[in-house]
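Sequence order for the protein chains is A and B.
Start counting the first sequence at 0; every next residue gets the next number (numbering that gives the first Met the number 0).
Start counting the second sequence at 0; every next residue gets the next number (numbering that gives the first Met the number 0).
Hints are not guaranteed to be accurate.
What the simulated footprint calls covered on chain A by chain B, stretch by stretch (three residues with Cβ under 8 Å from a Cβ of chain B suffice, anywhere in the stretch; the number is not a length) [what the hints assert, rightly or not]: (1) 74-85; (2) 272-280.
Just a sample of chain B residues kept apart from chain A, beta carbon distances all over 10 Å, derived [said to hold, decoys possible]: (3) L30; (4) A41; (5) R101.
Source of the hints: derived by calculation from the structure; they are not laboratory data.
Computed from a prediction, not measured in an experiment: that's the story for all the values here.
Every residue gets a Cβ at the ideal spot worked out from N, C-alpha and C, and that includes glycine.
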Amino acid sequence: MILGAFTPGEANPVAIVFFVGFVGLALGITWWAARRTRTTEQFYAAGHSVTGFQNGLALSGDYMSAASFLGIAGLVALTGFDGLIYSIGFLVGWPIVLFLIAEPLRNLGRYTFADVVAYRMRQAPVRVAASIGTLSVVVFYLIAQMVGAGTLINLIFGLPYALSVLIVGIVMLTFLLLGGMIATTWVQIVKAVLLIGGATIMAFLVLLEFGLNPLELFRTAETENGGAVLEPGALVSGHWDAISLGLALMFGTAGLPHILMRFYTVPDAKAARASVNWATIFIGFFYLLTFVLGFGAMALVGQRPISAIDKGGNAAALLLAENVAGTPFFGFIAAVAFATILAVVAGLTLSGAAALSHDLWVNVVRHGEAPEREQLRVARIATFAMGALAIALGIALQGQNIAFMVGLAFAIAASANFPALLMSIYWRGFTTAGAVSSIVVGSVSALVLISISPTIMVDVLGREDALIGLKNPALISMPLAFATGILVSVLRPEREARRRFVEAERQIHLGAAVSPRRPAAAPARAR
Amino acid sequence: MATDVRSRADVDLRPLPDEVDLEDDPDVRALDELAARRLRVALSLTAAMLVVYFGFILLIAFAKDFLAERVVSGLSVGMALGVFVILATWVLTWIYVRWANRVYEPEVARLRGVAP
Numbered sequence: 000m001i002l003g004a005f006t007p008g009e010a011n012p013v014a015i016v017f018f019v020g021f022v023g024l025a026l027g028i029t030w031w032a033a034r035r036t037r038t039t040e041q042f043y044a045a046g047h048s049v050t051g052f053q054n055g056l057a058l059s060g061d062y063m064s065a066a067s068f069l070g071i072a073g074l075v076a077l078t079g080f081d082g083l084i085y086s087i088g089f090l091v092g093w094p095i096v097l098f099l100i101a102e103p104l105r106n107l108g109r110y111t112f113a114d115v116v117a118y119r120m121r122q123a124p125v126r127v128a129a130s131i132g133t134l135s136v137v138v139f140y141l142i143a144q145m146v147g148a149g150t151l152i153n154l155i156f157g158l159p160y161a162l163s164v165l166i167v168g169i170v171m172l173t174f175l176l177l178g179g180m181i182a183t184t185w186v187q188i189v190k191a192v193l194l195i196g197g198a199t200i201m202a203f204l205v206l207l208e209f210g211l212n213p214l215e216l217f218r219t220a221e222t223e224n225g226g227a228v229l230e231p232g233a234l235v236s237g238h239w240d241a242i243s244l245g246l247a248l249m250f251g252t253a254g255l256p257h258i259l260m261r262f263y264t265v266p267d268a269k270a271a272r273a274s275v276n277w278a279t280i281f282i283g284f285f286y287l288l289t290f291v292l293g294f295g296a297m298a299l300v301g302q303r304p305i306s307a308i309d310k311g312g313n314a315a316a317l318l319l320a321e322n323v324a325g326t327p328f329f330g331f332i333a334a335v336a337f338a339t340i341l342a343v344v345a346g347l348t349l350s351g352a353a354a355l356s357h358d359l360w361v362n363v364v365r366h367g368e369a370p371e372r373e374q375l376r377v378a379r380i381a382t383f384a385m386g387a388l389a390i391a392l393g394i395a396l397q398g399q400n401i402a403f404m405v406g407l408a409f410a411i412a413a414s415a416n417f418p419a420l421l422m423s424i425y426w427r428g429f430t431t432a433g434a435v436s437s438i439v440v441g442s443v444s445a446l447v448l449i450s451i452s453p454t455i456m457v458d459v460l461g462r463e464d465a466l467i468g469l470k471n472p473a474l475i476s477m478p479l480a481f482a483t484g485i486l487v488s489v490l491r492p493e494r495e496a497r498r499r500f501v502e503a504e505r506q507i508h509l510g511a512a513v514s515p516r517r518p519a520a521a522p523a524r525a526r
Numbered sequence: 000m001a002t003d004v005r006s007r008a009d010v011d012l013r014p015l016p017d018e019v020d021l022e023d024d025p026d027v028r029a030l031d032e033l034a035a036r037r038l039r040v041a042l043s044l045t046a047a048m049l050v051v052y053f054g055f056i057l058l059i060a061f062a063k064d065f066l067a068e069r070v071v072s073g074l075s076v077g078m079a080l081g082v083f084v085i086l087a088t089w090v091l092t093w094i095y096v097r098w099a100n101r102v103y104e105p106e107v108a109r110l111r112g113v114a115p
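Isolated chain A (complex conformation) (with noise of 0.2 Å):
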């Protein structure tokens, strides 16, 4: 067993190489894109000039955090199958992207999902309701990416923890502030092809050492560690939590602000369509490697190793970055680390800030009537106070128990974006009220149910009990913001939010290129 140079809080030269040659090559995008950001259709949007598969590729940058890239494969290394059962509950929401969100979606919004929920109601109230579905799930998302990136800069390059969360801060900013979607869909596509190239390469010389034959993988980690790694263990505990978990995975990623909005940024549905099938295509093959890699680091590696330096796992990618290939692959492996931190905190801010200016300034405060200029301004505005708000909350929250976060933040997705998301898109007899009561009740109680859950009571809080059983609400949630906006939209109907029922579906299969032949279809705020 080789550990070789890898000390956790010492700064690897490699390392600083590859990561001060990533951040260049993001400064080197934000330059370039920065000439081609002048409206806001830019900025937020990309200009809709994205290819299929660019998008397919930056959606998987966007969607693939370094908590499914060292957080599972430390899982896997220390669970083994119950690790796995992350890896796919991670993929099996882009299908249901796919089929029912993405393509109406595109062709009913412009920057934000509350654009496609808002479409045939009263604007202010789904907008300022929407708002408050999204930033809860990007800040919660948020937090769990600033205080990882803190974390682990901490770990590998040894800068104190404070410093790491304002440099990634700042890199953040400075490319979203100059150079909007269309640097950080670049930055997105790097780091996808950094990330699953680098992962392919990991694998790769990992199964080299067992004879490319993964069974021999497989069987070496059982006879190393016993027969119970293979097998379901302790991790999913209770029938209704497993469940729960599922649904909020599942459905969560339907609900994502930052993933819906990367939608946006190409031309048409049919190339919303297109990015959907090569994202599942990639995530799916990166989670597959983390069979090889999570099972890799048990085997060559070593449990031991692995939780002495950080008990959750997360240095497992890294060890066997460095077992199989030595220190200068390590380097490379912790620069992908960064890249992956850096591109997910970007499109997450960016959806926020689209939020607090499309949604809430633009929309609710200025009646959908503010100019270009200030348009471009707001949005310049709101995202440097995302990107503050991203970077106090991080150094705020340093050493919190936070592994919590990204799920609960799945589960508001799940309950609160995404039930009224698909009712708008599908129910002609969806309502205002029913919207605006749906994403109010899905939100909060998400976070009620999660504050009094073992998750929060014992885990964060010490105590020995919690109100209830479930560690993830998704399962009582999501049901109850579904029957919320059936039961008000049933109880009290909109006659105009049905009128423009047929509109809106022209809309969605015909899309924009189709220009409305009534004249009510036209301005979205006929009333």
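Based on the hints, put chain B in the right spot on chain A.
Relative to the frame of chain A, chain B by itself:
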């Protein structure tokens, strides 16, 4: 449901000149049909994905012993089914994209041509 809301609306709100048109408009009817068809395909594939994934989750919750059995040495039933779920995700995605490109898109193009 649709008719009752509409008839009530005719009494108590300002008239909508295009309302009657829409009911009889063959374009709108064709569009409704296409929308219903797409939704049927989308819902069937969603149901298939749900069955595959929650089948897997329910086995984890209720049939741990079965998943612990070995297909061959080094590969448990659980891991094999995990790979199967990932492959199923790809296959279902592929089915939808193929349907959409071969059946749905030409129909959209036709309706777009008809639409003024």
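Each hint, compared with the structure:
Closer than 8 Å: that is the beta-carbon criterion, and the segment 74-85 of chain A has 3 residues meeting it against chain B, so the requirement of 3 holds. Only residues whose beta carbon comes within less than 8 Å of a beta carbon in chain B count, and the segment 272-280 of chain A has 6; three or more means the coverage holds. Listed as outside the interface, L30/B is inconsistent with that label: its C-beta sits roughly 6 Å from the nearest C-beta of chain A, within the 10 Å cut-off. A beta-carbon of chain A comes within 10 Å of the beta-carbon of A41/B; the shortest separation is about 4 Å.
Against chain A, the non-interface label of R101/B holds: every CB pair exceeds 10 Å, the least being about 12 Å.
Consistency note: the structure conflicts with the earlier hints numbered 3, 4.
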